[in-house]
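Letter by letter, the chains look like this.
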Amino acid sequence: MNMEIKVLFFGSLTDATAVAALNEVTASDTAALQELLHQQYPVLRTAKYFIAVNRQMINKNTTLKTGDVVALMPPFSGG
Amino acid sequence: MAMNDRYIRQVILPGFGMDAQEKLLAAKVLIVGMGGLGCPVLQYMVAAGVGTIGIMDGDTVSMSNLHRQLLFHAGELGQPKVKLAAEKMKEQDSSILVQAYPYALTVSNAAEVVADYDLVIDATDNFMAKYLINDVCVLLNKPWIYGAVSQYQGQLSVFNWREGVASDQLQPINYRDLFPVSPAPHEIATCEEAGVIGVLPGIIGTMQAAEAIKIITGLGLPLYGRLYNYDLLQARSYEIAIVKQEDPVKIDQAFFEAMNYDLFCGQPEEDPDMHDIEEINVDTFMQLRADPDVFVLDVREKHEYPAIDFADAQIPMSELQTGMAALPDKSICVICHQGIRSVYAAQLIRARRNLTVYSLKGGLTAYFKKES
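Going down the list, the sequences are from chains A and B. 1 is the number of the first residue of the first sequence in the numbering used here; add one for each residue after it. 80 is the number of the first residue of the second sequence in the numbering used here; add one for each residue after it.
Rather than coming from a laboratory, the hints here were simulated on the basis of the structure. Quick caveat, the model's predicted, so the values are computed rather than measured. Treat the hints loosely; a few may be bogus.
[Unchecked claim] Facing chain B, according to a computed beta carbon distance under 10 Å, are these residues of chain A, among others:
#1 18
#2 27
#3 30
#4 52
#5 77
The beta-carbon is built from N, C-alpha and C at its ideal position, and this holds for glycine as well.
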């Protein structure tokens, strides 16, 4: 079964992706999603960001299901 | 206190009263950075009646500051920001004590300055200062309010707020739970490089001031444990619940003293590739450790388990500054429990010894997972 999820990019990550969101991305878990995104946008490989699933930060691989919203959030430093 | 009409419109608010006003008067707030964020923070802290305010910044006013730092004007170019700001705040309300620190926060002055305040507001524009504020506030058990901007977006959160956790035994969420390792130089562009729209730090700084008033008075629910992201172009906010790291960086005196914030957080004038550490996976690690020209360094503390037999040396992170001279002139592969401390250690070694340095991604946890 295809898991269709939405991915949001914040801050300077959109410099790499050129879009703020991707719809209908297929990935079974966050590790697979990262692998997919890193292939599509190699700059993300070395970028600093954390991942949130449905507005909750995660710090280990997390299973995804259809309708989930995954956010990639980098640190900001400007002031 | 001699009550006058100055605060009457907030004192009559439901839940506010003289009680909250007196808490503001008794409060001591340190604002680090007197730029786009710091200007509105300071103005609202003074206007709200916060009794003692420290302002810290080593910069002088420049023309490119003026579109977002509204305390200053073109006739003041080249003058120290905190001196000007303190003078202006005296005109706004001479009963407020504004203490100016006309220099940057550093590892050697941080603890002494911060110790005199109850709450720190991060209005800085660089990672070095943000990590330094975080670590010194954790060490001294002070809450701090994070604010930052990037082009058209801003971030805000409250860290290390003791009242946010149920038990004294629990460590409140801090900035290193969000981003354990600081970005390499140039990895994240500064305002100078990437640009910023003037009104954005005005919005984020004003929100930081609002959080400060809530923390001081006990009103409402501070933005603790939540990262608030504001997108000015879309006029949308996005909030993320922060989760504490399972193996958090232990911020103690030894860690604080061992950190070189200038090196780790990257100053703009440095070589951008200088501290970009290659993180290797377990398969690559297995190849490297078999190579006699690669030296495997374990930076875990002596009490950490499990014991391993494949490290060429163990120098705990807390002793690395002094122990580094013992490293051979070989490529160094640094390992630790989770692969976070090893990145710091690798950065430090690269900076001091100029050797090729790797860090095992995921640390020994990833190694043993692969082995089993």
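Hints, one by one, checked against the model:
{"no.": "1", "hint": "18", "result": "violated, 14 Å"}
{"no.": "2", "hint": "27", "result": "violated, 19 Å"}
{"no.": "3", "hint": "30", "result": "violated, 13 Å"}
{"no.": "4", "hint": "52", "result": "holds, 4 Å"}
{"no.": "5", "hint": "77", "result": "holds, 5 Å"}
The structure fails to meet hints 1, 2 and 3 from the earlier list, while all remaining hints are met.
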